[in-house]
Amino acid sequence: MNFTLSEEQEMLKKMARDFLVEKCPKTVVRELEDDERGYSPQLWQEMAGLGWMGLAIPEKYGGGGMSFLDLAILLEEMGRACLPGPFFSTVLLGGLPIADIGTEEQKQEYLPKISAGEAIFTLALTEPSGRYDAASMAVRAAADGDDYIVNGTKLFVSDAHIADYLLCVARSSGRPKPEDGITIFIVDAKSPGISCTVLKTIARDKLCEVVFDRVRVPGKNILGQPGRGWSEVRRIMERAATAKCCDMVGAIQQVLDMTVDYAKERKQFDRPIGSFQVIQHYCANMATDVDGSRFAAYRAAWRLSEGVPCAKEAAVAKAWLSEACERVLALAHQIHGAIGVTMDHDLQFYTRRAKAAAATFGNADFHQETVAQEMGL
Amino acid sequence: MDFKFTQEQDKFRQEVREFLGEELRQGKWQPSCDAWIQGYSPEFTKKVARKGWIGLTWPREYGGQGRSHIDRLIYTEEMLRYGAPAACHWFADRQIGGAILRYGTEEQKKEILPRIIRGEAYVGLGMSEPEAGSDLASVKTRAAETDDSYVLDGQKMWTSCGMFMNYLYLVARTDPEAPKHRGLSEFIIETDLPGITITPTIDITGSTAWAEVFFDGVRVPRKSLIGEKNRGFYQIVNQLDFERAGLERLMGNYPLFDAIIRYARETDWNGLPLCKDTLVRHKLAQLQVEFEVGWLLTYRVASVMDDGRAPNVEAAMAKAYSTSFEQHLASAAMDILGLYGQLVATSKWTPMLGMAPHSYFGSKGYSLQAGTSEILRNILATRGLGLPAAG
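Protein chains in written order, with the numbering used here: chain L, 1 to 377; chain W, 1 to 391.
No wet-lab data here; the hints were simulated from the structure. Treat the hints with care, as some may be off.
Stated by the list, open to error - Stretch-level coverage of chain W by chain L, calculated; a stretch enters the list once three of its residues show a Cβ under 8 Å from a Cβ in chain L:
(1) 208-222
(2) 258-265
Claimed, not checked - Some chain W residues flagged as far from chain L (calculated, every beta-carbon gap over 12 Å):
(3) L24
(4) G66
(5) Q108
(6) P130
(7) A137
(8) D148
Stated by the list, open to error - Short derived list, chain L residues pointing at chain W, Cβ under 8 Å:
(9) P112
(10) C283
(11) T288
(12) V290
(13) W320
Beta carbons: idealized from backbone N, C-alpha and C, even for Gly.
Using the sequences and the accompanying hints, generate a full structural model.
What follows is the structure in structure tokens.
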């Protein structure tokens, strides 16, 4: 048991932090929130140059061959900086699933592009039901010769408007059980019949409605086993929920740091407000939530790195983080006072993103249910 | 970061489980909440001693095993999981041995440590007094130095297991003229000395959880002084970190967690097990989530200790957090039991041996003993986050 980062990991963390402080200050975040694309191609290329997109992709496909735990460190720093853009979609929802279950041909085709920053990926999973369960998967994929014809609507698809490829989760055959007959397809986003509308969201990220209208997908683009995609979706969800937790850890660590600094500087009644016990206890509660969050998230990330089962640990982390972030932000706002609820202040970035993150890849209730099942209830 | 136990550690955990499982099979004791602090069994303690598990982290030259704090946490985790009656040796193993190793003379180490390790010395804590709770430096008990001894006069309160301890580790005032933090000293004494009177304190659950210890002209040999005279407050601060550092702050009522989960699985609710009820299910899952976070925070404390650092801020954080979990657990169990939660042990209608109400009331003290949650948050805010001291 060891709760600290290795020397190499500390270096990676510092390198990422320094880079993002310089390249992604809040002025940039602000611009990108208003930008139609929602990311900066120039920054994207610089990140690719640093090897970030391919960090956890095997070296033979142009990646860095590092671990998921190393990637977690990067994600934490991205969360701290509120980095906008399709990194999460591309790497967590596209690259790693392909590296995990793709055929050799698929890996050779897509992974080098991802590593080089030349392809943006995303996952088209959720639908208008807004749920993450198998029964909600209604988009159909009907066999037509060697191809499939995909029909239906996906909702809350991140970065689909700029994506080159979508991993689309569709129902390809009958359903004795909701989990049966689900297949994942790698779909070229420029295929005829795909239309995409960007939705306005609280986090000002780019969630999209994606309509598939008789979209033809070659059978060779099936990712994983046809009809048995749901177990792969669960793995993707585990990985994504854990990764999202790491991102959230970075965010609340930054919120804690900002808040403690503010409590030391801000004076009322002729003394720093941080010298009042009530403020101190708020900060202590925040610090406890941040550390608890960090270990819960990193334990899950470590298990994914080691390739050991992680269903319970990922669920524990996301159930915890979804609520802990809200507690941390609530106290941060209370301590910052009115200035913290203005759009001029940086705190609002974190508040909006945390609320969105809490719901993404399963909220606390969703993951508590998983925990209940893992407890044998 | 690495969340894996070594193979030796897994094996060790298994060994502790097998020992405790066998004890249970033989009906030696019933798993119970708070057994680490209220479970009096010299017989059990001697068995644990024979296993070599008391003083696990202490140097071999004093009879210890020289093992890591993570190892010790594994062993205490299993003791707590099984609700084993480990109170006789718990305090000495947790903090007194360490204090003697750090501040004691060679003679004290050679005399007392082996007795603790053999399961013969049961050491109670004499810190709090009627007017010295969170403000420990306000201790009034006097230790007046004479030619060949110290003479103790005064009173200690909230001494856990005071009724059956044969040693007392205490802090007393040796210089009444000095500023209050600079006039205290630590002692270890035997409890059968003339002039000591111990009376039980009955807590809200009806248990003899603590005792008051009165000193009336108690003459203790000079060699009872631990460390430096008048430096006792600074010495004891370190000991308090160890007092807060363990899993007993998270798992003190763990047998209740096991029991309520079993109850929810086995109790019928409109033809289904009670655990299928959404609210019950989520209460229990939420507890599990909270438990795991506390478990991680506490293992982090042990890893800090294994790095050779005093776990000051980390232990404060883990303890304040974990005692809240214990209270949530007791409260959730009472909610799930509904009307049955009122029944204390002895009725055929009483579920889970009355563990839930016992723990519910007992848990009120969890966030007070060994540093209130408020004191712990002060430590975390000022020493951990660098906020300015409250003026």
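Right, here's what the structure says about each hint:
1. 208-222: Not satisfied, violated; 0 residues make the cut.
2. 258-265: Answer holds; 3 residues pass the 8 Å Cβ test.
3. L24: Since the minimum Cβ distance to chain L is about 21 Å, L24(W) lies beyond 12 Å and the statement holds.
4. G66: holds, 18 Å
5. Q108: holds, 32 Å
6. P130: holds, 24 Å
7. A137: holds, 18 Å
8. D148: holds, 46 Å
9. P112: Given a least distance of 30 Å, the restraint on P112(L) is violated.
10. C283: holds, 5 Å
11. T288: Since chain W brings a Cβ to about 5 Å from T288(L), closer than 8 Å, the hint holds.
12. V290: violated, 10 Å
13. W320: With a closest approach of 5 Å, the W320(L) hint holds.
In this structure, the hints that do not hold are numbers 1, 9, 12, in rising order.
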